[in-house]
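K.L.:
Following the hints, position chain L against chain X.
Protein chains: 2
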Amino acid sequence: MNRDDCIRLDAADPLRDFRGKFDLPQGVIYLDGNSLGAMPHSAKSRVEQVITEEWGEGLIRSWNTAGWMDLPKRVGAGIAEIVGAASDSVISADSTSVNLFKVLSAALAMQPGRRVILSEPDNFPTDLYMAQGLIAQLGGRHELKLVTAKDIPAAIDADTAVVMLTHVNYRTGAMHDMKSLSALAHERGALALWDLAHSAGAVPVHLDADGADFAVGCGYKFLNGGPGAPAFLYVAKRHQEKFAQPLSGWLGHAAPFEFESGYRPAPGIGRYLCGTPTVLGMSALEEGVNLMRSADMKQLRAKSIALGDLFIRLVEERCAGHGLGLASPRDGAKRGSQASFTHHDGFPIMQALIARGVIGDFRAPDILRFGFTPLYTSYVDVWDAVEILRGILTTGIWDRAEFRKRGAVT
Amino acid sequence: MNRDDCIRLDAADPLRDFRGKFDLPQGVIYLDGNSLGAMPHSAKSRVEQVITEEWGEGLIRSWNTAGWMDLPKRVGAGIAEIVGAASDSVISADSTSVNLFKVLSAALAMQPGRRVILSEPDNFPTDLYMAQGLIAQLGGRHELKLVTAKDIPAAIDADTAVVMLTHVNYRTGAMHDMKSLSALAHERGALALWDLAHSAGAVPVHLDADGADFAVGCGYKFLNGGPGAPAFLYVAKRHQEKFAQPLSGWLGHAAPFEFESGYRPAPGIGRYLCGTPTVLGMSALEEGVNLMRSADMKQLRAKSIALGDLFIRLVEERCAGHGLGLASPRDGAKRGSQASFTHHDGFPIMQALIARGVIGDFRAPDILRFGFTPLYTSYVDVWDAVEILRGILTTGIWDRAEFRKRGAVT
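Protein chains in written order, with our numbering: chain X, 55 to 464; chain L, 55 to 464.
Worth flagging that the hints you see were computed from the coordinates, not collected in a lab.
A portion of the hints provided could be inaccurate.
One copy or two, it doesn't matter: identical chains are merged, so the pair holds either way.
Lysine to aspartate or glutamate pairs mimicking DMTMM-like chemistry, simulated, CA-CA at most 25 Å apart [to be verified]:
| # | residue 1 | residue 2 |
| --- | --- | --- |
| 1 | 352 | 231 |
| 2 | 459 | 314 |
| 3 | 459 | 111 |
| 4 | 459 | 312 |
| 5 | 233 | 371 |
| 6 | 75 | 111 |
| 7 | 233 | 350 |
| 8 | 352 | 59 |
| 9 | 352 | 71 |
| 10 | 199 | 231 |
| 11 | 204 | 420 |
Just chain X, with the same shape it has in the complex (with noise of 0.2 Å):
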């Protein structure tokens, strides 16, 4: 395997036109679009048509005249494409966190006789904050369990109201079986909850199949929707009406403009909406959710995998004796869109990567993360990121102070 074999993969590679539609900066090897998506170029044009047009022109006619007043609705029904869900069982709204405790609180007003949510303790730490805030909330009767992933099975028993898990590990990219797992928890008489943070836009994912109950994920990571843009929610059909949820604002009344003083949730899916929808960031995810639409998530997901073994190969053989362990599933099945390693020396090894224009991130205490989004992401930029590595190891150029300062966010 060399560069010049990767440059026969770019070219055979059936999704290869969409590349040209994200605007990627010179220079730059990105492989944090799990961290943050790249822009599309229809993102900006229509962004500005909202400010120009809809906003400036427009003005508060657009709620209706600009279908201003449809974005949750419309934007949700195209992520629940992606997600493998009934149209009317997505809303975009909110932040993930917020629309975690939305349906939450949902499920376990649904199992008033069990007191556990269980999940594990490397779940995406705003899910475990937003639980432990629901509980201390709701009175201190109900526990968060953490067990790590492989006693989840046995953990699972006639005191659990819910599992809530996130089907993609953040640091390390392995994958639950959501069908397998949900089916486990309905058959003890739980309910399951799964955060796609990870998943959405990067993996297969079968909501209404697999049995889901509940389903929260992000705008901004694998379905390009921009920066803090909104996230989305999923409740399954069977559920909607059982339970009107505690954040109950007048965008998620049946009838909002008629300012009554009592709140009566709307129909279906809708009384997940609590206050005014971002026009701005989610008409820019719009457009990252039909780019993503457009793309056959069988060649997605069959090139997700191919860069996800392609980086592993290599970074075990060119980068051999350096201290990096894989971290990931080898199993390309069992592993979302990227692969993470770790290095005792983690942090300041990305930092240098990052001076070099190969923009992965670490993730505490000794993961180095790489994102792969088949969109956008070249087998070509695989072979040369892992050659920056290898140059970075092989000369220990990282070990300066100047890549051990903690910034904010790496």
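P.N.:
Using the frame of chain X, we list chain L on its own:
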């Protein structure tokens, strides 16, 4: 008083240069800045820069290099200046509804022996709905008690946990006396929570000096932050660390990038953050906030009252006999930056006005609402709007089927 007098008033207006800083459509008299503020030119260029340079080129690095991490506190500090608050007592985040949930949760938690949230039936509905959602989630121990504005002082008693009011009424523009009501609440052991949706940037607000405990407010009205702009919240410094609010997302954690599994609230106002801020929307909002900060609030208030007084006088003089009734306080000192009139056919009259380029809005059941934004509303706008209203009323043209058709937002 005639149109030439209005032209002279505009020429002498010390705020006259601000109008040119906004994109106002041709042929429109925009009297709905209290629903969605007009677009500052700088918002357009700022968002273009955020998209092209910060997202497109900077990608994930921009969280540090473009100051995205600081946006919620930086924009909050700017808003703090406008609402008379210490700079570290306001943050920008989420929607008004979600922020209300946070501070109302804090208020109730601080008042364990008291069960009543006191408000008024014509508070903006989302405030009432959020209180209802919170009460349901807390198990129904609390009560939302609604009494009309004039009865509020007498209704604050030993059972009142918090007095939750919108400072300027969304329909009538009637303004509460924040100082005296906050003092009365405190005297009787209650807390004071103010919704500034129709106040921030519209009237002088002195949260700290007037003793407010908590406040929330909107970014897309008088702050001109764009459609669905992020909202803000205020927590008096004396209360900030008394409670960890329930929407305990990772960006409210003391050390979000340590990825700990247990929530530790950030010091100060930072703990009122939840998920990732919407960078596009918050950047646009920052432009609106900075423009507002560059104006003199005394001049703004004087012009706002003058515009409102003129509108009321002209409507009463020139549209007499057509069934309009003043719904706003006649005394400008007790009125926000709007004037409202009742009419039993208010809806079609407003539709006819909009069709003729005068954009106000209708609020059920019978209110025609006209907002004045002193930064861009001129005296001639007021004259012309009233003349167009007069034409509609005298010709009876509003009484056509086309104007009676309801849309989602009016």
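K.L.:
Against each hint, give a clear statement of whether it holds in the structure.
P.N.:
So, going through the hints one by one against the coordinates:
no. : hint      : result
1   : 352 - 231 : within (18 Å within a copy, 62 Å between copies)
2   : 459 - 314 : between (55 Å within a copy, 20 Å between copies)
3   : 459 - 111 : between (47 Å within a copy, 23 Å between copies)
4   : 459 - 312 : between (55 Å within a copy, 15 Å between copies)
5   : 233 - 371 : neither (35 Å within a copy, 71 Å between copies)
6   : 75 - 111  : between (28 Å within a copy, 15 Å between copies)
7   : 233 - 350 : within (22 Å within a copy, 61 Å between copies)
8   : 352 - 59  : within (23 Å within a copy, 70 Å between copies)
9   : 352 - 71  : within (16 Å within a copy, 57 Å between copies)
10  : 199 - 231 : within (20 Å within a copy, 48 Å between copies)
11  : 204 - 420 : within (21 Å within a copy, 62 Å between copies)
Against the hints set out earlier in the document, a violation occurs for number 5 only.
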